[in-house]
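Visitor: Sequence:
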Amino acid sequence: MPQIKLVNISKKFDNKAVLENIDLTVEEGELVSLLGPSGCGKTTTLKIIAGLLEPDNGDILFDNSSVLDIPMEKRGAVIVFQDYLLFPHLNVYENIEFGLKMAKVDKIKRMDKVNEMLKLVQLEGYEEKFPDELSGGQKQRVALARALAIEPKVLLLDEPFSNLDTRLRETMRDFIVEIQKKLNITTILVTHDKEEALMISNKIALMLNGKIVQFGTPMEIYQKPISLDVANFFGEKNYVVGSIEKGMFISNIITIKANIDEAQRIKAMIKPEDIELIDSYEDVDIKGTVKSRKYAGDRIYYTVLVKDVELKCVSQSSRVFDIGDEVGVKIDFNNVVFFHK
1 MPQIKLVNIS
11 KKFDNKAVLE
21 NIDLTVEEGE
31 LVSLLGPSGC
41 GKTTTLKIIA
51 GLLEPDNGDI
61 LFDNSSVLDI
71 PMEKRGAVIV
81 FQDYLLFPHL
91 NVYENIEFGL
101 KMAKVDKIKR
111 MDKVNEMLKL
121 VQLEGYEEKF
131 PDELSGGQKQ
141 RVALARALAI
151 EPKVLLLDEP
161 FSNLDTRLRE
171 TMRDFIVEIQ
181 KKLNITTILV
191 THDKEEALMI
201 SNKIALMLNG
211 KIVQFGTPME
221 IYQKPISLDV
231 ANFFGEKNYV
241 VGSIEKGMFI
251 SNIITIKANI
261 DEAQRIKAMI
271 KPEDIELIDS
281 YEDVDIKGTV
291 KSRKYAGDRI
301 YYTVLVKDVE
311 LKCVSQSSRV
321 FDIGDEVGVK
331 IDFNNVVFFH
341 K
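Residue numbers for the sequence shown follow the UniProt record's numbering, so the first one is 1 and each next one is one higher.
Honestly, I wouldn't trust all of these hints.
[Said to hold, decoys possible] Each pair of labels, with its calculated beta carbon distance range: (1) K330 with P71: 58 to 64 Å; (2) A296 with N209: 29 to 35 Å; (3) R293 with G39: 34 to 40 Å.
The set of hints was computed from the structure by calculation and includes no laboratory data. Heads up, the beta-carbon is just placed ideally off N, CA and C, and yes, glycines get one too.
Starting from the given sequences, assemble the full structure and let the hints guide the process.
Guide: What follows is the structure, given as structure tokens:
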């Protein structure tokens, strides 16, 4: 399976920039997610890789060889769309067989490959069923089997789980990751779901406004965002304003070491899950008052007022605090990230 490189890819529609100078490397056998909000250019990027669209500038390399002049059907990259696009008049067997027929594969070999795919996606016994007789998850498996039957070099997934309910989405997510690892196929997934990307990706390319703003492992991007835009994309954060003096971040509620240049206006980002509330507030430096509480089953969301600063925190502790309670506030300072204001 190939390494994929996008080199300085740009694309405009109606003179409006949709992609700007996209550089991306996906290593052989990796699962990389293109993550971002609607309209950020992630599906356009996927279609350019597949050959459904041509870039205005730049190049696409499979194992360091340009594929720009190679037509879609010979490029070796196949897309599974969120709407499945199964042929309603063909049964499961015929849908999976379709690409092989178009490639004029021998009938016996087609039969062997279809049976192999049915086993791979756990749909043995469904050969004669038609798409309108299948559940959403089963349709997704047929679409995946049809894509993999032609033995592509690259698997491209465009929001593959968005039409499924929560439980089925989780099941299919795990199922596709298992197959991807088993086949060791280079895979690029388009999604707007932060949790999905964090859970299944080897690496994430976060896209905003037609650009890749950060690329790295899920842990790198979540724990060490390089900008406020990246940090805010992954949910609500706490920001404490202060300054840097002699290697220390100084604010009205915390003073901690900071290995950045001196500056008068700095924001310290503290994630809600890095804050712990405790009873023994006499023994800690930071004390606060519970201002609000939201119960969400396995976790509770609190807002705590520390002096004039509101801090959001999320707790999975069995200890439940009431509004108005005085609490101690413990912060994991190892995970604090600083931004110039």
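Visitor: For each hint, tell me whether it holds in the structure or not.
Guide: For each hint, the structure was consulted:
no. : hint                       : in the structure
1   : K330 with P71: 58 to 64 Å  : holds, 59 Å
2   : A296 with N209: 29 to 35 Å : holds, 31 Å
3   : R293 with G39: 34 to 40 Å  : holds, 36 Å
Of the numbered hints given earlier, the model fails none.
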